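S.K.: 218 is the number of the first residue of the sequence shown in the working numbering; add one for each residue after it.
Bear in mind the hints are in silico, worked out from the structure with no lab data behind them. No experiment lies behind these values; they were computed from the predicted model shown. There could be a bad hint or two in this list.
Said to hold, decoys possible - Simulated restraints on C-beta separations: (1) Ala370 / Lys392: 38 to 46 Å; (2) Leu351 / Ala415: 15 to 23 Å; (3) Val301 / Gln235: 25 to 33 Å; (4) Ala268 / Arg429: 22 to 30 Å; (5) Glu388 / Ala268: 25 to 33 Å; (6) Ala329 / Arg382: 24 to 32 Å; (7) Ser340 / Glu270: 40 to 48 Å.
No residue lacks a Cβ here, since even glycine has one placed at the ideal position from N, Cα and C.
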Amino acid sequence: MSLVVPAVLPSSREDLAQKLALLTAIPPVSRIQIDVVDGRLATPASWPCAAPEEFQAMVARGEMLPALEHVAYEIDLMCFDPLVKAGPWLAFGATRLTLHAESAPDLPALLAAARNQYGSLVSLGLALTIGADLSLVRPCLGEIEYVQFMGIATIGRQGEPFDERVLQKIERFRKLYPALPFQVDGGVSLTNAPKLLALGASNLIVGSAILRAENPTAAVAAFDALQGSYSV
């Protein structure tokens, strides 16, 4: 299984299709994250939040995400009403949902509702921004399977600079919850990846460093080459 989880922030249906065609053809890629930005919790709005009618038409046609036989899909829900947004993506074949701490005033209730609605077939994770308090994790332990740390100060955009403050946040988290897996999303590069792996990251969510690379396949391989050094 690849250490790297490529991330796609689609601007249109065509943009999503093109990027998924590229990424699913890279042999080590076994999971892809699709970012859903509603334009309120984070900006600017991504597709399909910017084109809901088109999205609903796809749902009605019973369309599915590509390469489900060898790629799992994770939806990063940077939006309010995340469970409403999640439903169609699960119908498309996604099996993993990342919910942001700012998306609801009662996180345990939100996660319990997600678990009741989707059962054990869907993995749930909690995303924490740089400013989010680690105390938010404990009430959610019964429902989440992982934590996602945002490595950038402004979420919802690719190409943002890595924020070093997340390293101290992860260090504190590991002392509190040494057995809870975590991944890092935002600003991840070959320069900071070794630090994140040394802290125990199970996966690295990588967007622009792959999609804007001259050779995306080689970029994935370069990240995966780090895996053996840190026993991930």
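S.K.: Broken hints, numbered, in rising order?
M.R.: 1, 5 and 7
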